[in-house]
Amino acid sequence: MQNFLDALAAMEGPAITDMTLDEARESYVALHQMADKPARELAVIRDLVCPGPVGDIPLRLYDTREARDAGPVVTFFHGGGFVIGDLETHHALCTEIAALLDLPVVAVDYRRAPEHPFPAAIEDCEAAARWIASSPDELDRTATGLVTMGDSAGGNATIVVGQALANKAADAPVVLQAPIFPLASNAMGSDSLEQFGDDYILTKTAIEFFDNAYKADRGDPRGFPILGDHSKAPPTVLVTASLDPIRDSGRNYAKALAEAGANFVFLEMEGVTHSFTNLRQAVPSTQGDLERVIAAMRFMLGMENVSQ
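Residue numbers (the numbering used here): 6 to 313.
It is possible that part of the hints are untrue.
[As the list claims (entries may be wrong)] Lysine to any residue pairs mimicking SDA-like chemistry, simulated, CA-CA at most 25 Å apart:
# : residue 1 : residue 2
1 : K42       : M6
2 : K209      : G276
3 : K173      : A265
4 : K220      : T210
5 : K209      : E275
6 : K209      : L232
7 : K237      : L272
8 : K173      : V54
9 : K173      : R223
[What the hints assert, rightly or not] Restraint-style ranges between C-beta atoms, simulated for each label pair:
#  : residue 1 : residue 2 : range
10 : G293      : P58       : 32 to 42 Å
11 : D145      : E199      : 47 to 57 Å
12 : M193      : V54       : 34 to 44 Å
13 : M308      : E71       : 17 to 27 Å
Since the hints were derived computationally from the structure, they do not count as laboratory data.
This structure is a prediction, so every number in the text was calculated from the model and none was measured.
Glycine included, each C-beta is placed from N, C-alpha and C at the ideal position.
Generate coordinates for the entire structure from the input sequences, incorporating the hints supplied.
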């Protein structure tokens, strides 16, 4: 991990605040192309769309099998601060999740800020989850339940969508949620932000950049789900990274789940940074970390734990 951080520092690239929006998005794609393992070949990788609040939402279906019996479907929400991520930045990761879980994965390309500030992304994520839960013909898979999953901003969306579907049920229930290093509570002023706010992949400057672009309402649970009702939380695998500036936000959510008596597994990956799930080539041990996350998910779903 330190070697990778040193290599990034030696590149001396500009701060995100010194880039244009297009440059920031391109740099995020480039980082993942450089640091992540190549995408797996799967039986099915197919783009499709679903209806959203203001138009079609692009999706991408991943599956190890051409056809399968009814079962859980993973709905994946990508990270990137609700600003710079997309289907391509998390393509390799989604192929890996589909292979390790042996479940269909549907990645959601929600609207991004600053063009579409809060709550546009959340509205799209919820609409996509409800559509997937309805087992539409276009998906060609029958969802008996949803497994909602995402990293960083997508981890935030994972929790928020779980709360929304607990308040108003979809056609299939959320049987598991897996927020990975999520922003669940306001990270500003936290110990982890002060300790890891520079030189650990995600910086305090970047967090402020995303916050200013997304403009989440600090009093709205859809922006900061720590404010929501945790008594109805679905079974959860919650993951944080020990060197992450928003680590304490995830820890706060773990505390809220525990106090609500929720059914959850909490994993804090030691010695790795934010975005470790997309650094699996540059930092090989993070492949094992991802496999631990998947093993916990399979455990919570009652699946036989086999490695692909």
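Practice task
Quickly compare the C-alpha distance for K42 and M6 to 25 Å and report which way the hint goes.
Solution key: Holds, at roughly 15 Å.
Handout entry: Distance restraint hint 34 to 44 Å, applied to the beta-carbon atoms of M193 and V54
Key = holds (36 Å)
Problem - Distance restraint hint 17 to 27 Å, applied to the beta-carbon atoms of M308 and E71 - result: Since the Cβ atoms of M308 and E71 sit about 20 Å apart, the hinted range of 17 to 27 Å holds.
Exercise for the section: Would you check the hint for K209 and E275, treating anything up to 25 Å between C-alpha atoms as holding? Expected result: It holds: about 20 Å lies between the C-alpha atoms, which stays within 25 Å.
Practice task
Assess, step by step, whether the Cα of K209 is no farther than 25 Å from the Cα of L232, and give holds or violated.
Solution key: holds (22 Å)
Practice task
Decide if the proposed pair is consistent with the structure: K173 and R223, CA atoms, cutoff 25 Å inclusive.
Solution key: Holds. K173 to R223 sits at ~23 Å (cutoff 25 Å).
Handout entry: Hinted pair K173 and A265, Cα distance within 25 Å
Key = holds (20 Å)
Exercise for the section: For the pair supplied as a hint, K173 and V54, confirm whether the alpha-carbon distance does not exceed 25 Å. Expected result: holds (23 Å)
Practice task
Assess, step by step, whether the Cα of K220 is no farther than 25 Å from the Cα of T210, and give holds or violated.
Solution key: The given pair, whose Cα atoms are some 15 Å apart, holds under the 25 Å limit.
Problem - Distance restraint between K237 and L272, which requires alpha-carbon spacing of 25 Å or less - result: holds (21 Å)
Problem - Outcome for the supplied range 32 to 42 Å, where the beta carbon pair is G293 and P58 - result: holds (39 Å)
Handout entry: Status of the given 47 to 57 Å range, CB of E199 versus CB of D145
Key = holds (49 Å)
When held up to the earlier numbered hints, the structure conflicts with none and fits them all.
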